[in-house]
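Student: Using the hints, position chains E, C and X against chain A.
Number of protein chains: 4
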Amino acid sequence: MNKKTYIFELPMGVRDYECDVEGIVNNANYLHYMEHTRHQFLLTEGVSFIDLHHRGIDCVVARITVNYKTPLRSDDQFLSCLNIKKEGVKYVFLQDIYRMPDRQLCMRATVETVCIVNGKLSDCQELNAAFGKYF
Amino acid sequence: MNKKTYIFELPMGVRDYECDVEGIVNNANYLHYMEHTRHQFLLTEGVSFIDLHHRGIDCVVARITVNYKTPLRSDDQFLSCLNIKKEGVKYVFLQDIYRMPDRQLCMRATVETVCIVNGKLSDCQELNAAFGKYF
Amino acid sequence: MNKKTYIFELPMGVRDYECDVEGIVNNANYLHYMEHTRHQFLLTEGVSFIDLHHRGIDCVVARITVNYKTPLRSDDQFLSCLNIKKEGVKYVFLQDIYRMPDRQLCMRATVETVCIVNGKLSDCQELNAAFGKYF
Amino acid sequence: MNKKTYIFELPMGVRDYECDVEGIVNNANYLHYMEHTRHQFLLTEGVSFIDLHHRGIDCVVARITVNYKTPLRSDDQFLSCLNIKKEGVKYVFLQDIYRMPDRQLCMRATVETVCIVNGKLSDCQELNAAFGKYF
Chain A
1 MNKKTYIFEL PMGVRDYECD VEGIVNNANY LHYMEHTRHQ FLLTEGVSFI DLHHRGIDCV
61 VARITVNYKT PLRSDDQFLS CLNIKKEGVK YVFLQDIYRM PDRQLCMRAT VETVCIVNGK
121 LSDCQELNAA FGKYF
Chain E
1001 MNKKTYIFEL PMGVRDYECD VEGIVNNANY LHYMEHTRHQ FLLTEGVSFI DLHHRGIDCV
1061 VARITVNYKT PLRSDDQFLS CLNIKKEGVK YVFLQDIYRM PDRQLCMRAT VETVCIVNGK
1121 LSDCQELNAA FGKYF
Chain C
2001 MNKKTYIFEL PMGVRDYECD VEGIVNNANY LHYMEHTRHQ FLLTEGVSFI DLHHRGIDCV
2061 VARITVNYKT PLRSDDQFLS CLNIKKEGVK YVFLQDIYRM PDRQLCMRAT VETVCIVNGK
2121 LSDCQELNAA FGKYF
Chain X
3001 MNKKTYIFEL PMGVRDYECD VEGIVNNANY LHYMEHTRHQ FLLTEGVSFI DLHHRGIDCV
3061 VARITVNYKT PLRSDDQFLS CLNIKKEGVK YVFLQDIYRM PDRQLCMRAT VETVCIVNGK
3121 LSDCQELNAA FGKYF
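For the record, the sequence lines run as chains A, E, C and X. If you count by our numbering, then the first sequence holds residues 1 to 135, one letter each, in order. If you count by our numbering, then the second sequence holds residues 1001 to 1135, one letter each, in order. If you count by our numbering, then the third sequence holds residues 2001 to 2135, one letter each, in order. If you count by our numbering, then the fourth sequence holds residues 3001 to 3135, one letter each, in order.
Incorrect hints may have been included.
DMTMM-like, lysine to aspartate or glutamate: derived pairs with alpha carbons at most 20 Å apart [as the list claims (entries may be wrong)]: (1) X:K3069 with C:D2123; (2) E:K1069 with A:D58; (3) X:K3069 with X:D3096; (4) A:K69 with E:E1112; (5) X:K3069 with C:E2087; (6) X:K3085 with X:D3102; (7) C:K2090 with C:E2126; (8) X:K3069 with C:D2058.
From the derived model, a few chain E residues whose C-beta atoms are all more than 10 Å from chain X [what the hints assert, rightly or not]: (9) G1046; (10) I1050; (11) A1109; (12) S1122; (13) F1135.
Here are the in silico distance ranges between beta carbons for each label pair [what the hints assert, rightly or not]: (14) X:N3128 with A:N128: 55 to 63 Å; (15) A:N83 with C:K2133: 52 to 60 Å; (16) A:N128 with E:E1126: 51 to 59 Å.
I should point out that these hints are in silico values taken from the structure, not numbers from a laboratory. A virtual CB, placed ideally from N, CA and C, is assigned to each residue, including glycine.
Isolated chain A, as found in the complex (with noise of 0.2 Å):
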């Protein structure tokens, strides 16, 4: 097996509430799951997505696709993968989400986010130099 890797992964467990009356995880959570791992990882880089909205600079997504693969289900165990690369101002993040301990690929994810610094969409320095070493 050729194994992909990434420079952020985040172990993560379904949670039942997340399942819809289909048994799975209803499509909009795995937006979620890929939030709150892009946030865990500006948090491993020193980054802080709430510290950065209460001084004026809003990450927003601008674009995402999002391709399910295999539906996760309640009691599932997740792991929660990240890369990033630089396209103009917009930092892009390719994310898959495998179910474990199968390695099973669940969704495979392109999003696309940019910075609003006080109302105005602009390149963030501060990002820049968290990331830069991964561009």
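Tutor: Just chains E, C and X now, kept in the frame of chain A:
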């Protein structure tokens, strides 16, 4: 203005709990808005998502692309609009959300759904019959 | 039938993503229904929850008691009803939810809220003025 | 300090999407935290909520009283704690949430649950066997 037309439009309003600390609707909630819109559209066509589920037919999202244009905020009213086309076994929904009354485009998405009948990816005669007039 | 009366009634419908694997609305979502009802009630009185927040007045829930009577399910329509009284600095909302059209009582709750003005528990003259006629 | 003891404690962290525009965890999300805690507690006792559901046993919340003491915020870590007692056919969970590491009490709740077996309110021998040692 060249106003785009839709086969289904649902007036909705932002609920405050859908907004996050940035004061804007969280990106995941747009998927909730769109799902609710699809299910309400189904109902107008005489098809209940839950009823399908109880008869062994599960409609699931396979792929989604969302372009976030202008954020919705607390107290905003909006119109959630939908068109549909068929591509192979996929039902592809083209979904746009406009803030009202100024009709500012807030989100444009493509949602590809498939039917799982008794656990197997299948073409769904019932949905084909219901939607055929739109293809 | 001795029909109870309310100062505010909001017609709503269950959204499928609010239901869990048991096919019923998840217990937490009733708190969302009630919050939305309170905020819509505020709007009819000319008070915006978000606008209050931006002026340093935060209304927060201090205590809540919910009696779940009959579960709401997919496709159910319901009426979310509200009365209000004042107890000291608390605004106490009596909130009932009825399934429609059979008016089956689904939930009965008491929600005690307080105002935090510039970070301090305070009586809120603005809310007193808006709601005074109901006390 | 007279530290209260619990039969189950689950370390959790606030996820940013759980916070609303006031910057605090929305009141409804505490019910999600508590449900997740109960279900994780069940799992440690060898009982799966979903597995019960598939065998016709649904545990539902009948009544809940929540006292909100200190709001949780973004990036907060917390400990979700639980005790259980039996009252008639009710399983009553006493649930407390503490912010960590300062162990500030954030929420204190009583959650009364009942079992619906094949559609009928019933005493559940399986849960009695699993929890009997705690009553």
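Student: None of the hints should be skipped; say for each whether it holds.
Tutor: Structure-based check of each hint:
1. Annotation: proposed proximity of K3069 of chain X to D2123 of chain C holds, straight-line Cα distance about 18 Å (limit 20 Å).
2. Restraint check for K1069 of chain E and D58 of chain A: the C-alpha separation of about 15 Å stays at or below 20 Å, so the hint holds.
3. Among the hinted pairs, K3069 of chain X with D3096 of chain X is consistent with the structure: their alpha-carbon atoms are about 10 Å apart, no more than 20 Å.
4. With a C-alpha separation of about 12 Å, the suggested pairing of K69 of chain A with E1112 of chain E holds against the 20 Å cut-off.
5. Annotation: proposed proximity of K3069 of chain X to E2087 of chain C holds, straight-line Cα distance about 18 Å (limit 20 Å).
6. Of the pairs offered as hints, the one joining K3085 of chain X and D3102 of chain X is violated, with about 28 Å between alpha carbons and a cut-off of 20 Å exceeded.
7. A hinted pair counts as satisfied when its Cα atoms are at most 20 Å apart, and K2090 of chain C with E2126 of chain C qualifies at roughly 14 Å.
8. With a C-alpha separation of about 15 Å, the suggested pairing of K3069 of chain X with D2058 of chain C holds against the 20 Å cut-off.
9. Annotated as non-interface, G1046 of chain E keeps its C-beta farther than 10 Å from every C-beta of chain X; the closest such distance is 28 Å.
10. For I1050 of chain E, the non-interface assignment is confirmed: its Cβ lies about 16 Å from the closest Cβ of chain X, beyond the 10 Å cut-off.
11. Every C-beta of chain X lies more than 10 Å from that of A1109 of chain E, the closest at about 19 Å, which supports listing it as non-interface.
12. Every C-beta of chain X lies more than 10 Å from that of S1122 of chain E, the closest at about 23 Å, which supports listing it as non-interface.
13. In this structure F1135 of chain E is separated from chain X by more than 10 Å, as the shortest Cβ-Cβ distance comes to about 37 Å.
14. For the pair N3128 of chain X and N128 of chain A, the beta carbons lie near 59 Å from each other, so the given range of 55 to 63 Å is met.
15. Distance hint for N83 of chain A and K2133 of chain C: a CB-CB separation of about 59 Å, consistent with the stated range 52 to 60 Å.
16. A hinted range of 51 to 59 Å for the beta carbons of N128 of chain A and E1126 of chain E is consistent with their spacing of about 52 Å.
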